[in-house]
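Engineer: What follows is the residue order along each chain.
There are 2 protein chains.
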Amino acid sequence: MSEIAELGEFGLIKRLTEGIELRNESSKKGVGDDCAVIAPTEGTVTLVTTDMLMEGVHFDLTYVPLHYLGYKAAAVNLSDIYAMNGTPRQMTVSLALSKRFSVEAVDQLYAGILRACEEYGVDVVGGDTTSSLTGLAVSITVLGEARPEDIVYRNGAKDTDLICVSGNLGAAYMGLQLLERENAVYKQQFEEARQTGNTHLMEELNNTQPDWAGHEYILQRQLRPEPRADIVKALAAAGIRPTSMMDISDGLSSELLHICTQSHVGCRIYEERIPLDYQTAAMAEELNMNVTTCALNGGEDYELLFTVPLSENDKVSQLEDVHVIGYITQEKLGKTLVCRDGTEMELKAQGWNPLKAE
Amino acid sequence: MSEIAELGEFGLIKRLTEGIELRNESSKKGVGDDCAVIAPTEGTVTLVTTDMLMEGVHFDLTYVPLHYLGYKAAAVNLSDIYAMNGTPRQMTVSLALSKRFSVEAVDQLYAGILRACEEYGVDVVGGDTTSSLTGLAVSITVLGEARPEDIVYRNGAKDTDLICVSGNLGAAYMGLQLLERENAVYKQQFEEARQTGNTHLMEELNNTQPDWAGHEYILQRQLRPEPRADIVKALAAAGIRPTSMMDISDGLSSELLHICTQSHVGCRIYEERIPLDYQTAAMAEELNMNVTTCALNGGEDYELLFTVPLSENDKVSQLEDVHVIGYITQEKLGKTLVCRDGTEMELKAQGWNPLKAE
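Sequence lines, in order, name chains A and B.
Okay, so the first sequence: first residue is 4 according to this note's numbering, each after it adds one.
Okay, so the second sequence: first residue is 4 according to this note's numbering, each after it adds one.
Honestly, the hints are just simulated from the structure, not real lab data.
Note that the structure is a prediction, hence the values are computed from the model and not measured.
Any given hint could be a false lead.
If several chains are the same, the list does not tell them apart, and a pair holds so long as it fits within one copy or across any two.
Said to hold, decoys possible - Below 25 Å or equal to it, Euclidean Cα-Cα: the simulated DSS-like pairs (lysine-lysine) are:
id : residue 1 : residue 2
1  : 17        : 351
2  : 236       : 318
3  : 161       : 32
4  : 17        : 335
5  : 32        : 17
Work the whole structure out from these sequences, hints included.
Structural biologist: Take a look at the structure:
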């Protein structure tokens, strides 16, 4: 293992970025000067989004491998560009590293980021690398492009529009629950082994992975979310322009309420229509949790939530992996969840909120 | 004092950003959707730069007021845009806050950021606000614009070009030394008062500011650096296009070596030509430090370092606050500092490096 201090800031930046080749015509100058230079494609406007992930708040390195963390940190930003109906093009990556990180650890983190960039055709054009007194901080900014007429905001939903989601919901949250449970089990077993001086068992615990069989999908959803570029392409190919769209990072309820508030409309969604994966339901059952609550409030699925005019019903019904879960109403009719038994509840945001009191 | 947890993430974002009015024609959509939307000005390309500041590494809140910290965090990014000969237009601001920050404290930090934006005509169009287990982290990204033919990189310096710097050097570093000295004095006095149970003195120490008389300039240089928009404008007005340029964040030596390396040239600069302020020299004397070493390696002055063709000598000599400190040579002649006594030394980078071993 090599220490970052041996390389210094410029040495580390060189090591991380020197293999990077710019893929996009618009990326004129990448890492290596005071700024990156981007030549916007004619007829497009620029989309900008940024996210900061803090150790201990957004991720726990005891069970998140650094390569996955890098991939996810990039993916969640790409997801925001797709949520505007745009195409991501450039990324800047800022890392603050505490002393306990080796050069090899940073290599892994960066490799995950670059892997996501490769997958989605994005160029890393700049960033900052510095030290941190304590945890790891990752701040990523992504630039994308879209023709102005293609951009979809949160405020365009209209009465009678259909409410659609891609993929399925709650899986990432269930993956997190599983990881946290297994981590707690490991910690307890390790502590017991330590107290009884059983060094053999301590070593064994450190070298054994839990058996993830039957849970692979929810783990993957938590650790390696994929932004839904495919849905954006499918919508374009089908000639459907959503009236509003956003990605589901904090949970379906929270995001749908954002669309309703900004569009000045109400909504009516049906519990039975909310798409769930089998593994999500099984895990919720095992943990004695309500699977609908998880799907509504779990967050981190990075699926797309969007509305389309009622007249697009036929077209949208034929799209793979897109589900109509309800419709937009007049604002005065409120925001309603219709449960499986026919009862109605007001939709409330209980999504993840890092600054809210517990 | 109000707790951030009472507002939550969306409440805090709303509080911080709801008064923001977009100034630039190119800023089409600011805070409030998945992305900001920017319409690039016809005929320009986009410049992107980003910087992350970490508590305890880049700043010490025991002696840096939050308003100044915000201003500086913004200013250092704007400086990178000017260093490309561009104009800053948009900014995203990501904050990670630990529980000890009150809403009022965040207001102050943000007010400093917005003040710098107002001063330099920049729009805050997005960001992220989250919590941190430990210190404060501030990550800012700035977008700017320039006509492609106006952009100045680090790699264009040519043999016989004049090497110029704006303003004066070493002042910000001397300001830091002063702040750290006074902070150490305060801590020691407070600890002595605490040990002798002198609560009256403890209170008095907490309510007294050190006497900064005679040091105002170096303090201001450390706490509230100003990016040199005026120099970029003056160069344009004089019809001078630098062959290379960067801003001095890590120290003159370090930055000049970047230009030499990237331009494949050598340099020869003269100690007696390095511009110094009287307060910088006086403070160095008081602290028994070599003022030239401080000016060469101190960093954080955010002055501009640039090269111009020898034929521009007359024009550049007439620019206010611009100083010719030497000239570019062939690469094989090395990088030389000519001292006051005529001796010659090889220029070495000893600038601030947050990741380097002490």
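Engineer: Where does the structure disagree with the numbered hints, that is, which hint numbers, in rising order?
Structural biologist: none
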